[in-house]
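For the record, the sequence lines run as chains P and H.
Using my numbering, the final residue of the first sequence is 1116, and nothing's skipped along the way.
Using my numbering, the final residue of the second sequence is 1116, and nothing's skipped along the way.
One or more hints might be untrue.
Copies of the same chain look alike in the list, so a pair counts if it fits in one copy or across any two.
Stated by the list, open to error - DSSO-like, lysine-lysine: derived pairs with alpha carbons at most 27 Å apart:
1. K970 <-> K757
2. K757 <-> K848
3. K1100 <-> K757
4. K1017 <-> K987
5. K1116 <-> K757
6. K987 <-> K805
7. K757 <-> K1093
8. K783 <-> K1100
9. K1116 <-> K1038
10. K552 <-> K726
11. K848 <-> K751
12. K1017 <-> K970
13. K783 <-> K1093
14. K1100 <-> K788
15. K805 <-> K552
16. K552 <-> K731
No wet-lab data here; the hints were simulated from the structure.
Protein chains: 2
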Amino acid sequence: MSATAKVSLQSDDVKYIQEKARLLRIHSLRATTAAGSGHPTSCLSAAEIVAAVFFHAMKFDPANPNAITGDRFVLSKGHAAPILYAALAEAGVFPVSRLMTLRTLNSELEGHPTPLIPGVDAATGSLGQGLSVGAGLALGAKRSGSSARVYVLMGDGEMAEGNVWEAAAFAQHAGINNLVAIGDINALGQSQRTMYQHDMEVYRRKFESEGWNAEIVDGHDAAAVMAALDRAKAVTDKPSAIMALTYKGHGVSFLNDKDNWHGKPLNAEQLEKALAELGTIPPIIPDDGKSYARKAVPVPPDFPAPADPDYKTGDIVATREAYGFALRKLAMVNPKVLAVDGDVKNSTFSDGIEKVSPDKLIEGYIAEQNMVALSVGLAAQGYVPFAATFACFLSRAYDQVRMAAVSRSSIKLCGSHCGVSIGEDGPSQMGLEDLAMFRAIPGATVFYPSDAVSAERLTEIAARTSGISYIRTSRPKTAILYALTEEFPVPGFKAVKQSENDAATIVAAGITVHEALKAYEQLKAKGVAVRIVDLYCVKPLDGAKLGAEIRAGKGKLVTVEDHYHEGGIGEAVISALADAGAWPTAVKRLAVDRVPHSGKPDELVDKFGISARHIVAAVESLK
Amino acid sequence: MSATAKVSLQSDDVKYIQEKARLLRIHSLRATTAAGSGHPTSCLSAAEIVAAVFFHAMKFDPANPNAITGDRFVLSKGHAAPILYAALAEAGVFPVSRLMTLRTLNSELEGHPTPLIPGVDAATGSLGQGLSVGAGLALGAKRSGSSARVYVLMGDGEMAEGNVWEAAAFAQHAGINNLVAIGDINALGQSQRTMYQHDMEVYRRKFESEGWNAEIVDGHDAAAVMAALDRAKAVTDKPSAIMALTYKGHGVSFLNDKDNWHGKPLNAEQLEKALAELGTIPPIIPDDGKSYARKAVPVPPDFPAPADPDYKTGDIVATREAYGFALRKLAMVNPKVLAVDGDVKNSTFSDGIEKVSPDKLIEGYIAEQNMVALSVGLAAQGYVPFAATFACFLSRAYDQVRMAAVSRSSIKLCGSHCGVSIGEDGPSQMGLEDLAMFRAIPGATVFYPSDAVSAERLTEIAARTSGISYIRTSRPKTAILYALTEEFPVPGFKAVKQSENDAATIVAAGITVHEALKAYEQLKAKGVAVRIVDLYCVKPLDGAKLGAEIRAGKGKLVTVEDHYHEGGIGEAVISALADAGAWPTAVKRLAVDRVPHSGKPDELVDKFGISARHIVAAVESLK
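Chain P with its partners taken away, still in its complex shape (with noise of 0.2 Å):
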């Protein structure tokens, strides 16, 4: 499959690939030596494939490799970390002494990618992301009209991963014609062989049958793997695979597509045997000490304020549709909004977007892993996407997600549908565990709008904000709460009804909010007052601030949300307050506590204990 290419190629490139991928074996393998830990045979493996794309086939400036105009590369199976710390050193970005502080703690060289490290756009090391990061790379250089690029690197082995096809049903369906997905296909996993070891056919037709172009090459034959990137290249109607054919530790004969050998570095006296057969060794240049590490990742830019929200006195609007209004007018003041739909956009009320243009939506169809991982990909080249689906759905994605935070990707994710008040629908479609899920992760903005201002405000908000900010909207229309003009500072909250002889503080967010308005009119007319604190941010939050508000309900507090009793707002705010030193006195966590059931909205908030009734027998039992 390689003849005519070796012919077309001169002689001289194909020398030069090669002793790159030799020097690249002997980096990788000196590393994780060094390191004491790693994956050697997985970066052997790849040695002609990360050598021949490099430096045959991209083009990038290495004092700028995350530069828009360059080509780009994802590592997807990021466990072959050295030898892409290798590719990169040897292309000058950092210097080659660097490689030897791999997996130390003062080093940006990690066990596995992250974007600290220049060249890297986004973490990988949880399997079968990096085709979804890399359409999403490859998308926005296209949006940008960069003629850049993208290579993705994938193991056989993570092939398996429902994540690859829906990146490759999409990146083919939205036209990205920049992208190559390359497969080190060297049959052996980490605890076995793979599923379809060297049948490199069935791998050909997965890929066909998503429409893509194909084709097998011999994965150690440079002047081959370096014909078929050229060939990719020309092709321009659709993305392309090169399925390589390879060997795991493929270049030292006792490491050559060996058993138990994965994730395991050579000990001094094997790695002297090894580079023994790797012909002249360079010298080892003394690291000193200098990080490489990137200073900042691309983060929001910033924009002219939107359009304020515009509703009537009685309006009632669901903060889900507010969300909608809210991108409509973030994306005619910021070009770099988008928004990335998974089938849901008329639920979401993402399609607002569309009315400025409907080529701000992104269509992803059912497939939320790609949805978020593509969003990374796109946020890497400096646009601020905001993903969206019902908020159950996002666990969907929930790895992705986690590794959005490693990235230290902006990314933007609405949750919506959130909790019992959903309805008929019944538990599938609930959000429930949304709160736990962003909470957990480092460095998170968790939103969560109780009207359609603070909807719009806090959309507002997240398009400003680094780190992952997540927004929690609700289904049911709800009353206007807030003046249009009112401000919603981070972290935040408001209190909603106060007076100077306030019994209790009910903290909620959401629906919740207009339970405990309900709550408090009828504590009133049995002559008692509450506080109603709205907790529309509820990552971060202050606690000292909150326990001056909860010292002002004598100490008694009812959380009301919802959501599980686990990791949402209860346990958020009670946390807070200790962490605080900020005690309540009396305290009741009202939230879901089991699966719950279909049912009308109002029938379910009450079923499930989180009704304007249950608020004011909470009041009462603190008593």
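We have chain P; now place chain H onto it with these hints.
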């Protein structure tokens, strides 16, 4: 494609199926109109398919529709629930009169199917999971010597979910030849046309690329669907896919292939018009209010005590390794116990079970979504599957875990390599949100052993426990803390250090128990006694009982965990104490507060603030 089929089938048989399809349409339309919500047009496209599967292909006992001997049907496109319920009623599983209770608070016929309904094995409604569940049911049948077949009906929209393709690859590779996937290719998603619309060849190619038998039929030609189902039965060497070209809303002229009808019931007038097109209409029999809910779903069977833990004084053993020992011992006394792996069995030690018999381990390769949903299918057939991977990679299957809870499934999950204590591999491999995830699963039991003895005992308890059980294991080797005969009640914890004069109580689990024990010695050297609580069971948690331990430490509490702050041990403890009114007088919560880094385990435990030194400082700060 159906010409020959028509000849070979008796016309009376075909008429019977056509009549059933007509009735299913009528029931689906009526029930959704009565409910005022639901997805009637998604039912109509599937009418001939469901009629042919239930009344031509399947053999099962309506009085016992979940029996291991019976064929099974999984409605992966769960929003078409009304037609499933209609088929179950027509088959005699419950009365037709019950259909009109759809989506009401007191009916088992929820908006999306759950196993509260006889004949349903797993909840659906989060799309793209049904084929994995079906693979588990089919594999469970085969392992039990049953010749039953499993039929899974998917929508085309949901086939964009990667989980579908994980399941397709797995089923073929695992030799599951009693599984039939049916695609209801109606070309209309929720918010727009599907990715491939009626390009039927794409679906055929995709299944064929996975090694399946695949064919295309006219989904509204009852004879053609019947013949295809017959042909699928004759295929004995692989699973079969029948891709049926259908139209959403088919059978009613003003619904057929029309946009903007997704998830919308007909109003009374529209219903009347629709029924007029559907021939003779049976009368509605009033529901008698009697529930037909299943009394119980499968729970883990009882079994004799496995062999005791077997360690010597001074042994150091990782809890993950002890999990492997426990699995092996369990499999020797409980034939239903299985391990399900994601190609990390030599890291999670799931491979321990292979020493009993290699076929006790089901290799799922790197596809966590399938691993979990497959386990739900196995559990529904009476097995006790223990699915394990790195804790962080269970986040990949959080939606499947969430749905397992809605399924009232008793699957067991083990997450190894929790926290920063894994060391050099870095943040992408560290489970730091898994406690938040699993605590927020209703009814889940969450174990976090700190030594090998408790790891073995808790794994045994998990095998006896109904609902979802999660076992969090650690990578580092740690000392044995408990006597080999120690018992571990649920809920429960152990005070591993205590005195009459404790100055504070430290609540820890897993590796932080060992850090706390070091802190104990350091504090003791300073003349300070502290109480150390090993919170081996994180959920459920008895706040009142734990409160007594905190009071015994003068009300001063330090929590320390190898997990993020949110949703983990600190929040669990503080919330349980708050609910019990057992306030500490002062608290300090030590947990990981940002994305960690690569480094040596001890370095990271210290850098991220959860080492003995930090515990000592925390105790001293509370003075």
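Quick rundown of the hints versus the structure:
1. K970 <-> K757: between (57 Å within a copy, 18 Å between copies)
2. K757 <-> K848: between (54 Å within a copy, 24 Å between copies)
3. K1100 <-> K757: between (55 Å within a copy, 25 Å between copies)
4. K1017 <-> K987: within (20 Å within a copy, 47 Å between copies)
5. K1116 <-> K757: Answer is neither; intra-copy 63 Å and inter-copy 47 Å both fail.
6. K987 <-> K805: Answer is within: at 21 Å inside a copy they meet the 27 Å cutoff, but 59 Å across does not.
7. K757 <-> K1093: Close across copies (16 Å), not inside one copy (57 Å); limit 27 Å.
8. K783 <-> K1100: between (61 Å within a copy, 20 Å between copies)
9. K1116 <-> K1038: both (24 Å within a copy, 24 Å between copies)
10. K552 <-> K726: within (12 Å within a copy, 54 Å between copies)
11. K848 <-> K751: Result: close only across copies, 23 Å inter versus 58 Å intra.
12. K1017 <-> K970: This pair counts as within: shortest intra-copy Cα distance 25 Å, inter-copy 60 Å.
13. K783 <-> K1093: Close across copies (20 Å), not inside one copy (62 Å); limit 27 Å.
14. K1100 <-> K788: between (52 Å within a copy, 21 Å between copies)
15. K805 <-> K552: Answer is neither: 55 Å inside a copy and 60 Å across each miss the 27 Å cutoff.
16. K552 <-> K731: Within one copy, since 20 Å is at most 27 Å while 46 Å is not.
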